[in-house]
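I would like the entire structure built from these sequences, with the hints used as guidance.
The primary structure of each chain is shown beneath.
Protein chains: 2
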Amino acid sequence: MKHATNITWHQSKVNLEDIERKNGHKGCVVWLTGLSGSGKSTIAVELEKQLFAFGCHTFILDGDNIRHGLNNNLGFSPVDREENIRRIGEVAKLFRAGGFIVITAFISPYKKDRLAARELIDEGHFIEVYVRCSLDECENRDPKGLYKKAKAGLIPDFTGISAPYEEPDNCELVVDTEQLSVLESTQLIIKELYNKGIIDH
Amino acid sequence: MKHATNITWHQSKVNLEDIERKNGHKGCVVWLTGLSGSGKSTIAVELEKQLFAFGCHTFILDGDNIRHGLNNNLGFSPVDREENIRRIGEVAKLFRAGGFIVITAFISPYKKDRLAARELIDEGHFIEVYVRCSLDECENRDPKGLYKKAKAGLIPDFTGISAPYEEPDNCELVVDTEQLSVLESTQLIIKELYNKGIIDH
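These protein sequence lines are chains A and B, in that order. Read in order, the letters of the first sequence are residues 1 to 201 in our numbering. Read in order, the letters of the second sequence are residues 1 to 201 in our numbering.
Hints in this document: simulated from the structure, not taken from any laboratory. Please note that the accuracy of each hint is not assured.
Copies of the same chain look alike in the list, so a pair counts if it works inside one copy or between any two.
[What the hints assert, rightly or not] Capping the alpha-carbon separation at 25 Å, the derived lysine-lysine pairs in BS3-like fashion look like this:
#  : residue 1 : residue 2
1  : 112       : 196
2  : 111       : 196
3  : 49        : 13
4  : 22        : 49
5  : 149       : 196
6  : 49        : 111
7  : 191       : 13
8  : 196       : 49
9  : 22        : 191
10 : 151       : 196
11 : 13        : 144
12 : 49        : 144
13 : 49        : 191
14 : 149       : 191
And the structure:
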């Protein structure tokens, strides 16, 4: 058959159930929020490694692959921060639709932006994790020297110094990185994924 | 160990080679371009179905999941079209980094925007497919009634009617949907993926 009239406009698509059956786990969004230096990226990398070892399909969205790519035309004003988190939420939704356990590692300081991201995702598949660490300790760690620069006035609108961080008050999980090691923090998240039925081993 | 000073800032990440080894195929971007009604979405759905049956990890980016989500704040002016395709290219890059064969189904009328998307992806992993169909035939098909509306002046900047489509001149593959069935078109793309070493079966 050689003619375009053969094009079928109604086809059965590969659906999420098919994908999840093949993958052996559900997709979801693990949304890490917390101050700069609280340990989000460190936990994200360890979590990805452990989930991958379990055979899960995971992907990290973080500053490295988002700020330098998709969101390279956004700054740090409140409006741009909102658009930054909006786009991240939409991309997370796409990865969740592709069956991934997608891990986002962004400060995401505003409650309403995190809520908007949550509302994009089917219920029970958005796991908000507050990576809690006191501002004092984050300043002590200051792994990238950003707090020092912010306090010297070299970085405007820096969360915790010159811009607000709104703590979650009903997130799925709090991991306190002043009390817990990276492995302990990661294990708590994996336990939560198990409890939520995302993974079953 | 209970203290945050235990946080390790240098960890081995899960890398693309690990992912591709697990998946049993490479990731890539299959970039479908062509007029409205040329058959891009139909081919995308069939291609996804067949690749999924082969055990591949695939995902379609199309108007349904992009225009209503990530790009819901963009219109159809030249500037917005450019930003539309830029974001799609960046998201495709993320999926490719996650090991997916990501299929994009957008008119993407401008050569320079398609080139910009190509330049985001590692060489040999961007497969531009021109889904070719004459304007006459696309107008005949008019599956969504858009050409009729565009010719009545109800849709401004409509590609092929009141906005240009720049044909690819050195894409990886041309599939002529006036000559080939959906299955034949899809088979050509799968053969190309095989020839490029993306899949090996």
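Here's how the hints hold up against the structure:
{"no.": "1", "hint": "112 / 196", "in the structure": "within (24 Å within a copy, 45 Å between copies)"}
{"no.": "2", "hint": "111 / 196", "in the structure": "within (23 Å within a copy, 46 Å between copies)"}
{"no.": "3", "hint": "49 / 13", "in the structure": "between (31 Å within a copy, 7 Å between copies)"}
{"no.": "4", "hint": "22 / 49", "in the structure": "both (20 Å within a copy, 13 Å between copies)"}
{"no.": "5", "hint": "149 / 196", "in the structure": "neither (40 Å within a copy, 48 Å between copies)"}
{"no.": "6", "hint": "49 / 111", "in the structure": "neither (29 Å within a copy, 39 Å between copies)"}
{"no.": "7", "hint": "191 / 13", "in the structure": "between (33 Å within a copy, 21 Å between copies)"}
{"no.": "8", "hint": "196 / 49", "in the structure": "within (20 Å within a copy, 29 Å between copies)"}
{"no.": "9", "hint": "22 / 191", "in the structure": "both (22 Å within a copy, 24 Å between copies)"}
{"no.": "10", "hint": "151 / 196", "in the structure": "neither (41 Å within a copy, 52 Å between copies)"}
{"no.": "11", "hint": "13 / 144", "in the structure": "between (45 Å within a copy, 19 Å between copies)"}
{"no.": "12", "hint": "49 / 144", "in the structure": "within (23 Å within a copy, 45 Å between copies)"}
{"no.": "13", "hint": "49 / 191", "in the structure": "within (15 Å within a copy, 34 Å between copies)"}
{"no.": "14", "hint": "149 / 191", "in the structure": "neither (37 Å within a copy, 54 Å between copies)"}
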